[in-house]
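Residue-level listing of the chains:
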Amino acid sequence: MNREQIVSFVISGLLFGAGLAGFVLDQPFILTLAAKAAIFAIAGVGLNLALGYGGLVSFGHAAFFGIGGYAAGILAWHTRNFEPLATWPIEISGTTSMPVIWLVAVFAAMFFALPMGALSLRTGGVYFIMITLAFAQMLYYFALTWPAYGGEDGLSFYLRNDFPGLTASDPWTFFLLCLAMLIGVMALCALLVRSRFGLALEMARQNPQRLASSGIRPFTVRLAAFIVSAMITALAGALYADLNRFVSPSMLSWSMSGEIMVFVILGGVARLAGPVAGACLFILLEEVLGGRFEFWQVLLGVVLILVVLFARGGLMGLAAGRRSAHG
Amino acid sequence: MAEPVLAVDGISKYFGAVAASRNVSLDLRQGEIHALIGPNGAGKSTLVKQIAGELRPDAGSVRFCGRPVDNIDTVGRARLGMARTFQVSCLAMELSVLRNAMLAAAGAAGQVFRFLPAANSDTAITGPALECLRQVGLDQRARTRVADLSHGERRRLEIALALAMRPKAFLMDEPMAGMGPEGARTLTPLLSSLRAKAPILLVEHDMDAVFSLADRISVLVNGEIIATGSVDEIRANPEVQKSYLGDGE
Amino acid sequence: MSATLFFEQVLNGLQFGMTLFLISAGLTLIFGVMGLINLAHGSLFMAGAFACAAVAKATGSFFAGLAASIAAAAVAGALVERLVIRRLYDRDHLDQVIATFALILIFSEGTRWLFGSFPLYLDVPPVLSGSVPLPGGITYPLYRLAIIGVGLAVAAGLFLLVNRTRLGMRIRAGETDREMIAALGVDIGKLYTIVFALGAGLAGLAGAMIGPIQSVQVGMGEPVLILAFVVIVIGGIGSIGGALAAALLVGLTDTLGRVMLPQAFATFMEPSAANAVGSSIASMLIYILMALVLVVKPTGLFGAKA
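Protein sequence lines correspond, in order, to chains Z, Y and C.
The first sequence finishes on residue 327 if you use the working numbering, and the numbering steps up by one all the way, no holes.
The second sequence finishes on residue 1249 if you use the working numbering, and the numbering steps up by one all the way, no holes.
The third sequence finishes on residue 2306 if you use the working numbering, and the numbering steps up by one all the way, no holes.
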């Protein structure tokens, strides 16, 4: 195992350890935090695929986080209120089964990411950043003003959804579920990145002209990465809604997009375990610093600037050195 | 005579009032190296871009392997077998030499959306990639980061990447660029051996290389081809001497 | 809808557009000359509003506050430029986005630390209060007309600056070729600081002018920032004329959309549903507009060729 793999295992192990500590010490609060870290890490893994490996600076990934959240919220709400989603042409009722909800979340994200990516990827540079932001803002304002699902107040669904065979309402079980999904998406990401597709994506980022001259269309490669990235982030959103049993338009806000970017940057772009490290660090800062100093985000801002200026590789860069040229 | 692999017919391109290409016609035949020479500003780069599909000509057409490719873009033409090398090395600097070549091999195989196996263990692309690196003498440098290569090594990598495309024709834009006479001399036998694989349209400034490699030469001046012929014919051509060779380079 | 009401909404749209222009002008200048995406621009807008409110409260004069807002924002801008921004010019967009996002955090939470979360109040100065009769039989608040006036004055001033002065020449040259003007002996560092401070000052001015109409509170900068980006993207980055045209377009679209869309839907829907659907689409309208523009012209209406 190389250094990077060792560091990745250690970081994931630490997260597991944090949850374990919460379980053993009977502190559900710690388990909630650990689950939150895992969920944010999943969102980060999603964004990292597009942004880190693909070089696509999307400032609209909150759109997918929110789509996942609302998928969970809406389906659960309809079930809890015994109201079907639709009665014509066929009756579609809600569900509280997590696997079904995750499938819906992921497909809803794919459904939105396809046109969003197809349109946005026609542009580049700052225009791409702005158009992805615009799409997310559209969804944000839609969620804010559409009265059916709570609008600004959000949507509560009181009970966590179910996972067949498990008591998902139990904090330790839910944490393990989130951790398992995190490992799952990391494995998926590793597979993609190490494959031919991953090589093409790298080239799309480093030298799209070379990619084109090799007979591969950069647009198609980037779009595929964008869509998969969206699907992973949506899964995180669905889990987040279940964590809080609540979903609100703030999951779609531009500051949420910024936050997910922060996880990725803090951890180190284009590093498999980067988002895990970044999310854990963020949660740690929020709880430990934020607990003592109400205006801790000032310090977060300073840390971010320092990372950008002096430690571009983030935590993974500091711990595991530069990325290998030969993968 | 068999149809030429690449046929450029009456290409014209205007940038405002400036005519970068004026009714340019030339062809590239199987097994040959056809050199394109001309003074700076003659329009060689513009012509290459139009052949590669980067620029759309205002008039004329390009035929490749017997079919018109005017409505096919760069990606499409590369897939058809047009392999281009760039005057300024066009490489992924942060990747290794081998991974650059593997990408070209993957492109040639036409199957990029493969998620298994891991690329580094995928012999379907590592095999051909290493073979191309061997042919240009870079196989010992396979795992080196491109940013750490010397200029000459990068120029050779450019050629390896073109080779990995299993091309039907090479479009080489000043492969000797930035290499002194020593470097150019080491590259010449390599280029000569490539003509057996696929014909080469060679844009070059280094006249020693051109005269030793070319089967035919076309001379581009002010966007127009003023002469096409064998090395001896071109050398003896008074117009060419006046507008290009005579002034020295 | 009556003609007078429509006219009033058009004026509101123009006023809103002018406010957007004041912020976008600085943003597009900074991006055009330095190639820098500056998310912290909204924070400078907020800083101007806070400075104005604080000074106006202390001195009793809105105009003292106005001067303070421009100065404070410009100084804050210059400081931020020297400390952080100038290290970002050669970096890629991601680094610029993250670093300036970090600045937003610092500015927002820092302001909350200093001033608290409750909004500050800024009153319309007595000399600009009240309404003015306009042709067509409507009366319109004088203050809002003043905003439109200031916007026009700034547009004219910027036009003169960019096209008729030495500084403007350097700015235009810098937009075209940064390395060249450095080679020609122009002090790039100083030029960039000046441009950044100029953009910041404009943002601060906008903040002060908006203060009396909207509350002065932490977080007021970000919605405006996003709209400003929408404006410069629609207008084409680097083009001040484009920013003016786009700002007015966005201002009018947003204002008229919010008023007219619910009414349009009410013609065939019941009022509460019409209101909901109408306002929903109205709030998404500007983003739809931007997406449409980018699809047709990927570098904006007056931007450089792609």
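Please keep in mind that the hints were generated in silico from the structure rather than gathered at the bench.
It cannot be assumed that every hint is accurate.
[As the list claims (entries may be wrong)] Examples of chain Y residues toward chain Z, derived with CB under 10 Å: (1) Arg1084; (2) Gln1087; (3) Gly1152; (4) Glu1153; (5) Arg1154; (6) Met1165; (7) Lys1168.
[What the hints assert, rightly or not] Across the chosen pairs, the derived CB separations fall in these ranges: (8) Z:Val24 / C:Ile2288: 34 to 44 Å; (9) C:Val2075 / Z:Leu85: 53 to 63 Å; (10) Y:Met1093 / C:Ala2173: 27 to 37 Å.
[Stated by the list, open to error] Take a look, some chain Y residues computed to stay more than 12 Å from chain Z by CB distance: (11) Asp1009; (12) Ala1106; (13) Gly1178.
Note that the structure is a prediction, hence the values are computed from the model and not measured.
Every residue gets a Cβ at the ideal spot worked out from N, C-alpha and C, and that includes glycine.
Quiz item: Are Gln1087 of chain Y and chain Z close enough, Cβ to Cβ, to be under 10 Å, as the hint says?
Solution: violated (12 Å)
Quiz item: Should the hint that Glu1153 of chain Y touches chain Z count as held when the rule is a Cβ pair under 10 Å?
Solution: violated (14 Å)
Self-check item: Proposed interface contact between Arg1154 of chain Y and chain Z, which counts if any beta carbon pair is under 10 Å
Solution: Given a least distance of 12 Å, the restraint on Arg1154 of chain Y is violated.
Quiz item: Does the claim that Asp1009 of chain Y lies off the interface hold, with its Cβ farther than 12 Å from every Cβ of chain Z?
Solution: holds (23 Å)
Quiz item: For Gly1178 of chain Y, which was marked as not at the interface, is the minimum beta-carbon distance to chain Z over 12 Å?
Solution: Check passes; 18 Å lies beyond 12 Å.
Quiz prompt | Interface hint compliance - Arg1084 of chain Y to chain Z, C-beta minimum distance less than 10 Å | solution = With Cβ-Cβ at 5 Å, under 10 Å, it holds.
Quiz item: Does Gly1152 of chain Y pass the interface check with chain Z, least Cβ-Cβ distance below 10 Å?
Solution: violated (19 Å)
Quiz item: Holds or violated: is the Cβ of Met1165 of chain Y closer than 10 Å to a Cβ in chain Z?
Solution: Cβ of Met1165 of chain Y sits 7 Å from chain Z, so the hint holds.
Exercise. Given the hint of 53 to 63 Å, check if Val2075 of chain C and Leu85 of chain Z actually sit that far apart at their C-beta atoms.
Key: holds (56 Å)
Self-check item: Status of the hint placing Lys1168 of chain Y at chain Z (closest C-beta pair under 10 Å)
Solution: Lys1168 of chain Y check fails; min Cβ-Cβ to chain Z is 12 Å, beyond 10 Å.
Practice problem: Determine whether the Cβ-Cβ distance between Val24 of chain Z and Ile2288 of chain C falls within the hinted range of 34 to 44 Å. | Solution: violated (52 Å)
Quiz item: Measuring from beta carbon to beta carbon, are Met1093 of chain Y and Ala2173 of chain C in 27 to 37 Å?
Solution: holds (31 Å)
Hints 2, 3, 4, 5, 7, 8, 12 from the earlier list are contradicted by this structure; the remaining hints agree with it.
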